Every structure is written in C-alpha cells, then in structure tokens.
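Novice: Knowing the structure of chain A, use the given hints to seat chain B with the ligands on it.
If you read the protein sequences in the order shown, they are chains A and B.
Just so you know, the working numbering puts 154 at position 154 of the first sequence, and the rest follows in order with no gaps.
Just so you know, the working numbering puts 83 at position 83 of the second sequence, and the rest follows in order with no gaps.
These are calculated hints, taken from the structure and not from any lab test.
Given the structure is predicted, the values throughout are model-derived calculations rather than measurements.
Don't be surprised by glycine CBs; every beta carbon is placed ideally from N, CA and C.
Please note: incorrect hints may appear among the correct ones.
[Unchecked claim] Computed far set for chain B versus chain A, every beta-carbon distance over 12 Å: (1) Gln23; (2) Gly34; (3) Asp35; (4) Ser37; (5) Gln44; (6) Glu67; (7) Ala78; (8) Thr85; (9) Pro88; (10) Arg124.
[Said to hold, decoys possible] To give an idea of the chain B side of the interface with chain A (calculated C-beta under 10 Å), a few residues: (11) Tyr40; (12) Cys42; (13) Gly45; (14) His87; (15) Phe97; (16) Ala99; (17) Gln100; (18) Tyr103; (19) Glu129; (20) Ile135; (21) Pro143.
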Amino acid sequence: MGVHRGRGFAAINYPIGMNLGGDPSQALVHSNPDGKFTVALSSIDLGQGMKSVTRQIAAETLGVPVADVYVDTADSDTGPHCMGSFASRGTHRVGNAVIQAAQEARAVMLEAAAEELEVNAADLVTDGQGNIHVNGAPSRSITTMAACQAAQFKQGRTVSGRGIFLIPLSEVDAETGEMTPVSCFAHAALLVEIDVDDETGEVTVRDMQSAYELGRALNPKLVEQQLVGGAWMGMSHALWETTEPYYPDRNHGPVDFNHYLMPGPGDISPHHISVLERPAPDGPYGGKGPGEMCANPVLPAVANAVYDAVGVRIDELPITPEKILRGIRANGGVKPRQRLARGAR
Amino acid sequence: MARTPIVFMLNGSERASFADPGQNLLEFLRRGVGDLSPKYGCGQGTCGACTVTIDGETQLSCLTLAESVAGKHVQTAAGLAAGATLHPLQEAFMENFAAQCGYCTPGMLISAKALLDRNPTPTREDVVEAISGNICRCTGYEPIIEAILAAAKGRARA
Ligand code: FES
Ligand code: FES
Numbered sequence: 001m002g003v004h005r006g007r008g009f010a011a012i013n014y015p016i017g018m019n020l021g022g023d024p025s026q027a028l029v030h031s032n033p034d035g036k037f038t039v040a041l042s043s044i045d046l047g048q049g050m051k052s053v054t055r056q057i058a059a060e061t062l063g064v065p066v067a068d069v070y071v072d073t074a075d076s077d078t079g080p081h082c083m084g085s086f087a088s089r090g091t092h093r094v095g096n097a098v099i100q101a102a103q104e105a106r107a108v109m110l111e112a113a114a115e116e117l118e119v120n121a122a123d124l125v126t127d128g129q130g131n132i133h134v135n136g137a138p139s140r141s142i143t144t145m146a147a148c149q150a151a152q153f154k155q156g157r158t159v160s161g162r163g164i165f166l167i168p169l170s171e172v173d174a175e176t177g178e179m180t181p182v183s184c185f186a187h188a189a190l191l192v193e194i195d196v197d198d199e200t201g202e203v204t205v206r207d208m209q210s211a212y213e214l215g216r217a218l219n220p221k222l223v224e225q226q227l228v229g230g231a232w233m234g235m236s237h238a239l240w241e242t243t244e245p246y247y248p249d250r251n252h253g254p255v256d257f258n259h260y261l262m263p264g265p266g267d268i269s270p271h272h273i274s275v276l277e278r279p280a281p282d283g284p285y286g287g288k289g290p291g292e293m294c295a296n297p298v299l300p301a302v303a304n305a306v307y308d309a310v311g312v313r314i315d316e317l318p319i320t321p322e323k324i325l326r327g328i329r330a331n332g333g334v335k336p337r338q339r340l341a342r343g344a345r
Numbered sequence: 001m002a003r004t005p006i007v008f009m010l011n012g013s014e015r016a017s018f019a020d021p022g023q024n025l026l027e028f029l030r031r032g033v034g035d036l037s038p039k040y041g042c043g044q045g046t047c048g049a050c051t052v053t054i055d056g057e058t059q060l061s062c063l064t065l066a067e068s069v070a071g072k073h074v075q076t077a078a079g080l081a082a083g084a085t086l087h088p089l090q091e092a093f094m095e096n097f098a099a100q101c102g103y104c105t106p107g108m109l110i111s112a113k114a115l116l117d118r119n120p121t122p123t124r125e126d127v128v129e130a131i132s133g134n135i136c137r138c139t140g141y142e143p144i145i146e147a148i149l150a151a152a153k154g155r156a157r158a
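The following block holds chain A by itself, in its conformation from the complex:
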C-alpha cells in the first residue's frame, strides 16, 4: 500500500483546420468616417483571443496603429461567411482572410492618399503610427485619417477590402487512398509526473513540462494563456470528466454541469512551457495558433504515467480511480515499471 510516482511522455503532430467539404473563411475590412477601420468577421471569440489576434493582423497589414482597428464579430447571420471557431483553424484561416481584405483596403487608402499628395501610390509607405508619406520624403505626408476622409467625402471611394482563405476539399484517391487534408501542422511534446495512490486509486498531477511548436506566436501572452488553460483542460479530460457514474446505477450519474467533475484551483500542478517559433509558410505572418493542441498531449502522457507508476494500462478515458483499482486487482497487485526495470538489471 502506498503512493507511486510515475512519469509519462507524449508527442503529437497536430493538423490545423479541417477538410470537410473545404475549409473557407471570409473577412471584410472598411474604413469609417473617422479614419479608423472595422474588420467584420463571423468567427467567434470565445476567450481564445480571436479578436485580439485578427486586430493585430489587420493593423499590421493596413499599416495603422492597433488602436485604430475594431473587430466586429457580433453577428454570424449578417457577417461574411466563416466555418467557425473550432479545429484550431481561427488564427490560420481567418488571419489569412484578414490579410487579404486588409491588403485590398490598404491599396485604396494609398490611392486616396496619392491623389491628395499628387504623387504615385506606388511611392507611398505607412509608418504604422497613422501616417502615410512618400518613401524617402517623410515630410510629404498625410494622416491615414485624412486620406480615408478624403476618399469618403471628396473622392467618392470606399476604402474597403474583401478577403477569403480557402483550403479546398482534398478528395481521396480511390487507387492509393492518398489525400492532402491539411496544409499546416503544429507539434507538441509533454512530460508529466504523477502520484498514484494504490489504496484509493487517486491520481495527483505533480508537474508538467511541455514544448509547443506553433508557428510564430503572434501574441505571446495569449499563446501562454491558451497553453496553460488548455493543459488544464487536457488534465481534466484525462482524469476527471465523465457523465458515467462510478457505480452501476445510471441514476447516480451526473445530470448537469454542476455535477460534472473538473479539477479545481487546488488540483492544478506547476506547468513549465517552452514555445518554439517556426513560422509557417502559409500562416498569417507565420502563425499557426495553439488551439486544441494545448490539451491533447496531456491525455496520452497521463495514461503513460499511470502505466509507469502502477503498471496498469488504461485505454478508456477518463482514467478514474475505479479503473485504476480494477486494473491493479487484475494484475495481482501494483507493478511499477520503474521497479520492474530496476529488477531486470
């Protein structure tokens, strides 16, 4: 009887986006009479930071301050079409659509500025601070607001742009079974250390160490936030979340989210994260986005750690105390892998 320490490792290769009938997202960008920009999207921000990241991407492409961009995701009925915020596709798909839309809007803004300055639009650059000037002659300048207002009130142009990013459906080759469902992969590796109590079957997560490769981290703090919260969800999925009762009568099972166990603030473990930035060739400014990958490696790593700690191989989630105790009984006792390995030497 006692507590057994175990370590488990998992590495994953994670596809960004999906392949069901093609994977498109659209974006529309336009300037407002005050010279600021609105990005209209139907992609929902549910806390993952979609609005912040698309705002950064739009500002970078337009060449205006982040403060001058507003992202409107209010209405998926009237907004441009988007497949949705899932499959870790947001940053990659929507970000690319925003770049295309912002490039088109920027071109009109520069034409409007060129007309006001009486120069060629090709000679104009933006400083990212709200000014447009002639390349090499910063004194010949106009503010982005003045250019947008001239477009709207003098020249009769819409400073606007349309964008779409589409990964087309990849059909399966009937002969070979080959297909190309994904253009972009992210990667992760995670090491977890746990304690298993062989009397209660309870698992305590002690420590997590992880490395995530997710393209360029477009907003490093938001990436970290997603990785921390996502690993917690992975831990929850691995060890807590079930609607099944532990004991036979279904009526004893949870009936709503109030009874759906998830780890609380006292159950979390230290998590040491490294982020590797390898910009994706087809990602917006190289970004892939962490997405669901934050949670995924935790599950197999925990299952491996349980095997390492007590020799019980569990292949059905979540890994509840009951399953561990039944496994120990079926094995005729606790068989820690580390002790086995030592015995073998």
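Specialist: Same frame as chain A, but now just chain B with the ligands:
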C-alpha cells in the same frame, strides 16, 4: 402580487428598488437595479459567477433572497473601479491575463477582494481556498491565483 420596496447600499451608495415575491438577489440586482456585473452561471449555488459580498461576507446572490439585503451593504464587481481608475485586483487580473472569456471574472474579483480585506498577506493555499467556490472553465486557474497573489504583494508594498 405585492412587490416589496427594498432600500439598501450598493457599492457605497443608497439604492432603492422593488423586488418580486421570492426574487433572488442576483435577478434583483441585474433586472431591478441594473447592475449587470454579477453573472448568472448556474442559478443553483455551484459556480460562483454571481458572488457578491453582503456586509463584507461573500454570498452567492442566486441563493439569497432579495428582501434579505434591506438595510445592508452589498458589494459587486461594478463597484471596484473608482471612475477610470481600476482597483488593484483588476489591474493585477489584467497584467496577469487572468481572464479569457471573462464570465467568471466578476465573481473571482469579489472572492479575491473579500480574501484580501480579511487577510492582506495570503499564502497560495489561502488564495486557492478563497476561490475554490468559483469555477473557471478557461484559464486553468493558475493566472488567477498569480493575479491575486500579485495584487496582495502590491498592496503590501504600498
Ligand atoms: S449563479 Fe450563483 S452560484 Fe452559479
Ligand atoms: S475566464 Fe472563462 S470562465 Fe474564467
């Protein structure tokens, strides 16, 4: 049915409104008084999104009869900032990226404020205990714990 007039203090100022018979404090605050900062998560006392303080004690407003706050002091997250100046806890939540969707945040802030009011130098365990009745589905709790500890440190310095 007769509605009951209730006079109470909300975030330091006197307020009066009518409560429906049997109305809970959460609905009364949101619909009657117009303070939308306490959130409706579960309506049955398990999520903490509706946390307020009544005379300095944390309470779940969804389980509190509105009539019971007559003459008492109620505090909600809406009362934390002074004009444009955020409360140190709000600053710390912002600095530590302690909100993602933000739905749990008003309840977390109130639980944290009640903790720091009675214990200005909490340990990590004290913080965990103080927010253990508040469920967060996004952050994994770590940034929230960090934020509350950071706010406590800032306060100790001042
Ligand atoms: S709404 Fe009151 S505890 Fe959930
Ligand atoms: S930030 Fe979403 S529930 Fe806590």
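Novice: Determine for every hint whether it applies to the structure shown.
Specialist: Status of each hint after checking the structure:
1. Gln23: holds, 22 Å
2. Gly34: holds, 22 Å
3. Asp35: Its Cβ never comes within 12 Å of chain A, the nearest being 23 Å, so this holds.
4. Ser37: Label holds. Min Cβ-Cβ 18 Å, cutoff 12 Å.
5. Gln44: violated, 6 Å
6. Glu67: holds, 26 Å
7. Ala78: Label holds. Min Cβ-Cβ 21 Å, cutoff 12 Å.
8. Thr85: Nearest chain A Cβ is 20 Å from Thr85(B), so the label holds.
9. Pro88: holds, 20 Å
10. Arg124: Contrary to the label, Arg124(B) does not stay out of reach of chain A, its closest Cβ about 10 Å off (not over 12 Å).
11. Tyr40: violated, 13 Å
12. Cys42: holds, 6 Å
13. Gly45: Since the shortest Cβ distance to chain A is 9 Å, the answer is holds.
14. His87: violated, 21 Å
15. Phe97: holds, 5 Å
16. Ala99: holds, 8 Å
17. Gln100: holds, 3 Å
18. Tyr103: With a closest approach of 8 Å, the Tyr103(B) hint holds.
19. Glu129: holds, 8 Å
20. Ile135: holds, 8 Å
21. Pro143: holds, 7 Å
Comparing the model with each numbered hint stated earlier shows that hints 5, 10, 11 and 14 do not hold.
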